[in-house]
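There are 2 protein chains.
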Amino acid sequence: MKVLIVEDDPLHRSYLHEAVSAALPECETVIEAENGTMGEKLARDHRSAHVVMDLQMNNRNGIEAARTIWKERPDTRILFWSNYSDEAYVRGVSRIVPDGAAYGYVLKSASDERLKLALRSIFVEAQCVIDREVRGMQQKSLGQAKGFSDSEYEILIDIALGLTDRAIARRRGLSLRSVQNRLQQLYEKLDVYQNASDDHEDSRFNLRARAVTVAMLRKLLNYSALERAESELAEWLKLG
Amino acid sequence: MKVLIVEDDPLHRSYLHEAVSAALPECETVIEAENGTMGEKLARDHRSAHVVMDLQMNNRNGIEAARTIWKERPDTRILFWSNYSDEAYVRGVSRIVPDGAAYGYVLKSASDERLKLALRSIFVEAQCVIDREVRGMQQKSLGQAKGFSDSEYEILIDIALGLTDRAIARRRGLSLRSVQNRLQQLYEKLDVYQNASDDHEDSRFNLRARAVTVAMLRKLLNYSALERAESELAEWLKLG
DNA sequence: GTAGATGATGCGGGATCCAGCAAGACGCGC
DNA sequence: GCGCGTCTTGCTGGATCCCGCATCATCTAC
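Chains as they are written, first to last, in our numbering: chain E, 195 to 434; chain W, 195 to 434.
The reader is advised that the hints may include incorrect statements.
Copies of one chain are not kept apart here, so a pair can be met inside one copy or by any two copies together.
Unchecked claim - List of simulated lysine to any residue pairs, SDA-like, C-alpha gap at most 25 Å:
no.: 1; residue 1: Lys302; residue 2: Glu226
no.: 2; residue 1: Lys265; residue 2: Leu368
no.: 3; residue 1: Lys413; residue 2: Gly330
no.: 4; residue 1: Lys432; residue 2: Tyr381
no.: 5; residue 1: Lys310; residue 2: Glu228
Treat the hints as calculated values from the structure; they're not laboratory data.
Given these sequences and hints, build the entire structure.
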């Protein structure tokens, strides 16, 4: 068995190396990559089907790297090892995992024991292992209990990118009014109206900009989600 | 000499501990805190005047912690040790450093040697040590060459928070038109007009929202800056 | 002292955003 | 068929935003 480690922090990288060696005696080779781009290349070269991947990296983030790796080999098993359980990350990961693929999501704050257990479960038993905390996020996100539907998330992305209503309508194939409807839903759910007092003269928020900030503060959005959305937008602009 | 380490990542914390011990034989005690809140408390309890501080922490970020530490003892020497040289961080730090205080800013990607040198320079020699890359950011930021003036940065924060023009005017003590003038300057500098084609029917951006996103992508803003701005805003709202 | 640069303010207008109201489309259960 | 809920769309209007044009104050340079 070969295991590929993709992680930009040298300390974390060597810690992972050690953990992999200890948890998986049957692993004869450990390869290290220090950013997403190198990770993709090494995965291709070594035909490695077992990857441990950091999400937040400078050069090319983990979600991007995982996506191209899975596109080339959908049966690759990937364990995401991240500092955060932001909804933006969790959502980003679940969007790209292929049907039936074994993967995992473990927080860096987990104990040695948990990490090693996850390594064995995924790489040997082909089971999915999702950290408790992350799991909670996932359910809150997918279940519509208090979470956000895909369409609401979509429009959140669009206003975060700074598109006008009309541009959003064209991009998503909707009428102008429908876009504005969804915006209202979004404002509702993000609870943007709180400090908008009745008096017109009182301090009030620009709902559109406020929504983005509130989403950021609630970690529905983060830098890497923005980055991804921005490059998708550039792609779409080229076509149009 | 006592040295206080404030860093939430256990691996980094123990690495720092070792580096401090090696670089400063005259240091008889090393204290560790795993978040900003604990850092403030331990600095107070131990009267430690030598601090190594991570910037990005969950509970209470480094800038906040440093601010309260410096407020209580302005002669404290603090070395910031961070993954990033985002303009938002650099600006945040330079806003809070007291006159004449010795401090440093070293990136985590720096070599062992650089870190140890910085530790000695700051804690023993009371000199300021700013990483090359960070320094560049600082000059780009303070010099008005291509950087942002304080007033532009201020208004960027305000629209990022989602305030209306009127609210900004009241908060900053300006007329409505002046606020809009500054916004135009900001849009100019952020180069938000690029994809706004001449035809009114073509895809265009909502300048206000777009400006915030561009600033995020350029790292003029980041999560912790937003967080700080949000709590300042809450403060201001209470008074008003 | 005069000219020029910079910044604050007012006025006006076109574009955009926010939202209430109502009419139609679609699926679902009975 | 019929009712119900959800989603989409058009119309409308008021509020806000974006910005060109013009005025005035302050400051600097020569």
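Going through the hints against the structure:
Taking CA atoms no more than 25 Å apart as the test, Lys302 paired with Glu226 passes in both settings, with 18 Å inside one copy and 19 Å between copies. Proximity of Lys265 and Leu368 under a CA criterion of 25 Å is satisfied in neither setting, with 30 Å inside one chain copy and 54 Å between copies. Within a single copy, Lys413 and Gly330 get their C-alpha atoms as close as 14 Å, which meets the 25 Å cut-off; across copies the closest is 30 Å, which misses it. In this assembly of identical chains, the alpha carbons of Lys432 and Tyr381 lie at most 25 Å apart only when taken from different copies (23 Å versus 30 Å within one copy).
For the identical chains of this complex, Lys310 and Glu228 are neighbours both inside a copy (21 Å) and across copies (24 Å), given an alpha-carbon limit of 25 Å.
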